[in-house]
Every structure is written in C-alpha cells, then in structure tokens.
Amino acid sequence: MSKVLMKGNEAIAEAAIRGGCKFFFGYPITPQNELPEYMSRELPKNGGVFLQAESEVAAINMVYGAAGAGGRVMTSSSSPGIALKQEGISYIAGANLPAVIVNIVRGGPGLGGIQPAQSDYNQVTRGGGDGDYKMPVFVPANLQEMVDIMMEAFDIADYYRNPVMVVGDGMIGQMMEPIEFKKPVPRELPVKDWITNGTKGERNPNIINSLFLEASDLENHNLAAQEKYADMVKNETRVENYNMEKPELVLTAYGTTSRICKNVIAEFKKEGIEIGLIRPITVWPFPHKAFEDIPESAKGILVVEMSQGQMIDDVKIANNGRLPIGFHGRSGGMIPDPQDIILKVKEMLGGVK
Amino acid sequence: MLKDNRIRIIIGHYGSGKSEFAVNYAMKLSKISDKKIALADLDVVNPYFRSRERAEILENEGIEVISSVKGNKFNNLNIPMVSAGVLKLFQNEEIESIIDVGGDAIGARPMGRYKNYLTDGKYDMFAVINRYRAQTADLEGAVKHIKEIEEVTNAKVTGLINNTHLLRETTVEDVLFGQELVEEVAKELNIPVKYVCAIENIAADLDATSFNGKVFPIKLYMRPDWL
Numbered sequence: 001m002s003k004v005l006m007k008g009n010e011a012i013a014e015a016a017i018r019g020g021c022k023f024f025f026g027y028p029i030t031p032q033n034e035l036p037e038y039m040s041r042e043l044p045k046n047g048g049v050f051l052q053a054e055s056e057v058a059a060i061n062m063v064y065g066a067a068g069a070g071g072r073v074m075t076s077s078s079s080p081g082i083a084l085k086q087e088g089i090s091y092i093a094g095a096n097l098p099a100v101i102v103n104i105v106r107g108g109p110g111l112g113g114i115q116p117a118q119s120d121y122n123q124v125t126r127g128g129g130d131g132d133y134k135m136p137v138f139v140p141a142n143l144q145e146m147v148d149i150m151m152e153a154f155d156i157a158d159y160y161r162n163p164v165m166v167v168g169d170g171m172i173g174q175m176m177e178p179i180e181f182k183k184p185v186p187r188e189l190p191v192k193d194w195i196t197n198g199t200k201g202e203r204n205p206n207i208i209n210s211l212f213l214e215a216s217d218l219e220n221h222n223l224a225a226q227e228k229y230a231d232m233v234k235n236e237t238r239v240e241n242y243n244m245e246k247p248e249l250v251l252t253a254y255g256t257t258s259r260i261c262k263n264v265i266a267e268f269k270k271e272g273i274e275i276g277l278i279r280p281i282t283v284w285p286f287p288h289k290a291f292e293d294i295p296e297s298a299k300g301i302l303v304v305e306m307s308q309g310q311m312i313d314d315v316k317i318a319n320n321g322r323l324p325i326g327f328h329g330r331s332g333g334m335i336p337d338p339q340d341i342i343l344k345v346k347e348m349l350g351g352v353k
Numbered sequence: 001m002l003k004d005n006r007i008r009i010i011i012g013h014y015g016s017g018k019s020e021f022a023v024n025y026a027m028k029l030s031k032i033s034d035k036k037i038a039l040a041d042l043d044v045v046n047p048y049f050r051s052r053e054r055a056e057i058l059e060n061e062g063i064e065v066i067s068s069v070k071g072n073k074f075n076n077l078n079i080p081m082v083s084a085g086v087l088k089l090f091q092n093e094e095i096e097s098i099i100d101v102g103g104d105a106i107g108a109r110p111m112g113r114y115k116n117y118l119t120d121g122k123y124d125m126f127a128v129i130n131r132y133r134a135q136t137a138d139l140e141g142a143v144k145h146i147k148e149i150e151e152v153t154n155a156k157v158t159g160l161i162n163n164t165h166l167l168r169e170t171t172v173e174d175v176l177f178g179q180e181l182v183e184e185v186a187k188e189l190n191i192p193v194k195y196v197c198a199i200e201n202i203a204a205d206l207d208a209t210s211f212n213g214k215v216f217p218i219k220l221y222m223r224p225d226w227l
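Sequences listed follow chains A and B, in order.
Anchor point for the first sequence: position 70 equals 70 in my numbering, and the numbering is continuous, going up by one each time.
Anchor point for the second sequence: position 95 equals 95 in my numbering, and the numbering is continuous, going up by one each time.
No lab work stands behind these hints: they were computed from the structure.
Hints should not be assumed to be uniformly reliable.
[Unchecked claim] Not close to chain A: a few residues of chain B, all C-beta gaps over 10 angstroms, as computed: (1) Lys115; (2) Gly121; (3) Glu140; (4) Val193; (5) Leu227.
[Stated by the list, open to error] Here are the computed lysine-lysine pairs in the BS3-like style, where the Cα-Cα straight-line distance is at most 30 angstroms: (6) Lys316/A with Lys234/A; (7) Lys262/A with Lys219/B; (8) Lys73/B with Lys234/A; (9) Lys234/A with Lys219/B; (10) Lys270/A with Lys122/B; (11) Lys70/B with Lys3/A; (12) Lys219/B with Lys269/A; (13) Lys3/A with Lys187/B; (14) Lys3/A with Lys73/B; (15) Lys73/B with Lys344/A; (16) Lys73/B with Lys262/A; (17) Lys22/A with Lys144/B; (18) Lys144/B with Lys187/B; (19) Lys147/B with Lys187/B; (20) Lys45/A with Lys147/B.
Yeah, the Cβ is synthetic: ideal placement off N, Cα and C, and Gly gets one too.
Given only the sequences and the hints, what does the whole structure look like? Please build it.
Dropping the structure here:
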C-alpha cells in the first residue's frame, strides 16, 4: 500500500480500527480530539461502536465492561483525563482485562495547558491506580512507529490479558507525517474462554472481578500477575540505540524529544564529535540493558525530557551509579531547543563553562 | 502574485499545507510588493500548527498578523474567537490581504461572517489540494471538499493550488501525481490552476512547461528543522 499523509490523532484512530478495535469509549480533551472525532465517523462503518461517555470515569468503566464481555476496546484522552481514568485502569489490570489506552500528553499539573509535554512519565509508568500492577507503555517517536504500535497493541493486550498504554506528546497527536499501514507480525492469541458473554445454560458463569477478600488468594493473584509482567519485560522491551558505537556522551530521550536529540547528534557529527542516543520505545518495561551496554568511551549520560525530570529516575536505576548523569528539560508546553541541548552537552564534555 | 486580487482567501483541508502556503505567499509577496500586507488566521479548530505561530517571522518582514481577540499567543488557543481587526483586511483597500481559513466545512465557517465584503472579481479564493490527504485523494473528494467550503463561506474558488506533498519525502513524481488530479478538478469545475507548490529542491527540478500553473517553491516555515 502507498503512503498517505495523516495527522497523528487520525492515524492512531485508523490504525486502531485496522488493529481490530470494535469499541471506543471516551470524553473529549485537547490535544487528542481528532482521535474520537475520527472514531465517531469511521468506527460504526467498520462494524464497531463509538460512544461519547458523560465523563472520563464513565468511559474507562465502559472499557472495563466491554473488555470483560470480550470486545476489542480502547479509550483515549490527555493527561488530566488519564488521571481521572487511573482507578479504572487499576481495576482493568486487577481483573486481567485486555484494553488499549492512548494518552496524548499535555502540560500539567492539574488542567495545565494544551501544548505538548512528557510530564506524564510517572503517571503512566508508576500508575495513579492502586496495587502492584504494570502495563506495557509504548512511546513512539514518529507517526509510522505510532501506527505500527497501535496496530499491534490490541494483540499485545489480548496476549497478556492486560491493559496496554500508548503515549504520545501533543506533537505526536497534532503533527502530519506520511505513513503506511502494515500488518503486524501475527501472535498466537489465547482463546477468550473467560468472557461474560452468556452461559447459554451450558457452562458455569464467568466472573470478572478485582476483589479478593481472602489475603492468600489476593497474594496468589498478584504472584500470577508478576509472572506475566516478567514475560513482558523479557518479550516486549523495545529500544533504539542510535550512533552508540563509540559515543563520547550518551543522550537519552523518547518521543518527539528524541528527534530533537538526533538533530543535535547530526550537529556534533559535523565537528567530528560522536554523541549517542538511547531512545526507549517502551518506558515500561524500561530498556535497562541498553544502559548496561553503553561503551567505555562514554563520559556521561544526558537525559532530555519535556518535563522537569521524571524518566531520569529510571535512567539512574539503569545506570546504577556508573556514569555521571545530567539533565535538560523544558515543561509547560515549551519544547527543548537544539541549541540549549548542544550547550549542555558541551558543558558535560568540559568544553564550555 | 501581484496580479492576484487584493483579497486572497486560502482554503484547503487540514494537512493540505494551506497555512504553509499562506505564510509562504505572504513572505514572497512582501518581497515584491510595496504595499502593506496583512495575514489573518481564521483557524479556530486546530490547536497546533497555525499560521499565527509564525507571527514573529512575518512581522519581521513588516507583515501584520491578526488572529484572536487576544493576539497571536498560545494562551487563547482553545477559545474559538476571531479579532474584529480582521475586518480591515476586507475594508481597507490599501492592504494586500491574505486570509488563512480553517480546514474543512466546519473549520471554514468563520469566513461566512465576511460574505458581505466580497465582490466577484475583487477577491481570489485559492483551494490548496494535497492528493495524499484521504479526503482529497480523488476527483469526487476534491470537488466535494471545494463545494462544501464554497457553501459555508458564500464565496467561489477562483484558483487551484497543487500542494501535493509528503513533507520532506516529496519527489517530483509526487507533485506530478497531484497535478494530474488538480488539472482534472480544474477541468471539471472550470477553475484555473494557479500555483504548483513544492519544497525548494524539488521545485527546481519541475518542468513548468509541462503543466498549468506557476511553480511556487515552498520553504517549511511551519515545521521545525528537527521534525
């Protein structure tokens, strides 16, 4: 198939439909409105159901219900809206339900602004919901990667019976880029014999629930989940190592910010200075090994984020005290300037004081 | 460009590159015209990538930029309000005006408010078409798009702009692929092809004798270098 030019939010919606999404429940919020708008128009044509709920809380609980009944279901929102959904996400994880949640991040905290940000890192990797749950969190850096991940996300959710989060900053939602829709590598998916689609008098009722009053039952439930999370760490961790053969310094950034970093790397190449980039494509599971594999040539790591510094904590864990770590971040909808990153790199390399 | 009518209304689907064309048009016009130039951004739908974001570059060239009541800053992006100052682009005959109208039939609605200021032959309405946008990928879609916008704006499209592109991946073949459609639309609606756009390095390779419309090289003002 040939390429088309799409806006991020539309592309996500189209990829979701092609990925088998049949149900969308959501509530509007900038900068992701084109996504539900596209779904409202296109999902019914594809045999699905679009419903604008009365609130984010209602929407995520509809996701819980549809997933429990075996539907391929998603919701989307932006930062404060995702905050409202946290309880439902924890319930979905607790009840072992597959669902896809898209977060097009805007500046926070609170209502914040409508410009792009990456200040939901802690919210999406640690969760605002309760309990020991985890979910794969994808952070694509361009629309082609976003589309590829969206088409696969429903399979990943079904494979693990687990929520999957796909995150883009506002830029990813709003930018235009040429894309092409390619079918993901098929996975062998388990039969959904646990769904509540009616017993027809032929079997015992299935129960969808996250309440376990007996302590030992709840611990066993958690231990089983941990095994699933260990599989995700093993199989779903994704990272791009860029220009990492012999870097003098390593940048680490994800999403839109990583593209600014690549621009910085190209600038340094002109001066004969090699700078590398570790770009997490999943932030949970976090690509720890990429940091262990940083060559001896590197004098330090510079973390660049569109926040006041959240991923930096994971980088510190992965680095395990080995290299000095610097930080450059902008927030509130401000985008890091390549020149500021260049200055920070030079400072860390001891070039400019 | 100096022969275009004083009032130039730019329409086109989201992603057609309409705002990029509007900004490029204003920048080029400011280099060849001695008159005062003003650009009005009537987009009340898109939160990002609006022509007002480039107000500084435009104002440095002496081009006035008018958008929201509250100015061109980000802080009022989510509020669909248009400055009364836009009126002077229609009323003041000394101003060379460029009106950047929102994307589709809904986005173009604010333009309807100015219908009484439009006289046939005194304005141009340019429809920017990118064949790689799904809604304007064929004759039927492109014609429907134009008709819908004509209806809500109460104005007639007077020129077609081929802006078929895949951003920095655009090739000469892409431009010609779009040109094929735009010329079909031109024939169907009896509207001339005015400009054929392409990023500068591709525009240099276009054979202007092989198609209708003037080659219009585009600088990417709306998109930062790293994107």
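We went through each hint and held it up to the structure:
For Lys115/B, the condition that its CB be more than 10 angstroms from all CB atoms of chain A holds, with the nearest at approximately 27 angstroms. Listed as outside the interface, Gly121/B is consistent with that label: its C-beta sits roughly 34 angstroms from the nearest C-beta of chain A, beyond the 10 angstroms cut-off. Chain A leaves Glu140/B outside its interface by the beta-carbon criterion, the shortest separation being 17 angstroms against a cut-off of 10 angstroms. With a least CB separation of 20 angstroms from chain A, Val193/B remains clear of the 10 angstroms interface cut-off, as annotated.
Distance check on Leu227/B: its Cβ comes as close as 6 angstroms (rounded) to a Cβ of chain A, failing to clear the 10 angstroms threshold; non-interface status is violated. With a C-alpha separation of about 21 angstroms, the suggested pair Lys316/A and Lys234/A falls inside the 30 angstroms cut-off, and the hint holds. For the hint pairing Lys262/A with Lys219/B, the CA-to-CA distance comes to about 22 angstroms; that is within 30 angstroms, so the pair holds. Between Lys73/B and Lys234/A the CA atoms are separated by roughly 46 angstroms; this puts the pair beyond 30 angstroms, and the hint is violated.
The suggested pairing of Lys234/A with Lys219/B is violated, with an alpha-carbon distance near 46 angstroms, which exceeds 30 angstroms. Between Lys270/A and Lys122/B, the direct Cα distance comes to roughly 52 angstroms. Violation of the 30 angstroms bound is thereby established for this hinted pair. Pair hint Lys70/B plus Lys3/A does not hold up; C-alpha atoms about 39 angstroms apart against a cutoff of 30 angstroms. Between Lys219/B and Lys269/A the alpha-carbon distance is near 25 angstroms, which keeps this suggested pair within the 30 angstroms criterion.
Restraint check for Lys3/A and Lys187/B: satisfied, since their Cα atoms lie roughly 27 angstroms apart, inside the 30 angstroms limit. Distance check on the hinted pair: Lys3/A and Lys73/B sit about 34 angstroms apart at the alpha-carbon level, beyond 30 angstroms; violated. Restraint check: the Cα-Cα separation between Lys73/B and Lys344/A comes to about 28 angstroms, which is no more than 30 angstroms; the hinted pair holds. At most 30 angstroms may separate the alpha-carbon atoms for a hinted pair to count; Lys73/B and Lys262/A meet this at roughly 29 angstroms.
With a C-alpha separation of about 29 angstroms, the suggested pairing of Lys22/A with Lys144/B holds against the 30 angstroms cut-off. With a CA separation close to 15 angstroms, the supplied pair Lys144/B and Lys187/B stays within the 30 angstroms bound. Distance check on the hinted pair: Lys147/B and Lys187/B sit about 15 angstroms apart at the alpha-carbon level, within 30 angstroms; holds. Distance check on the hinted pair: Lys45/A and Lys147/B sit about 24 angstroms apart at the alpha-carbon level, within 30 angstroms; holds.
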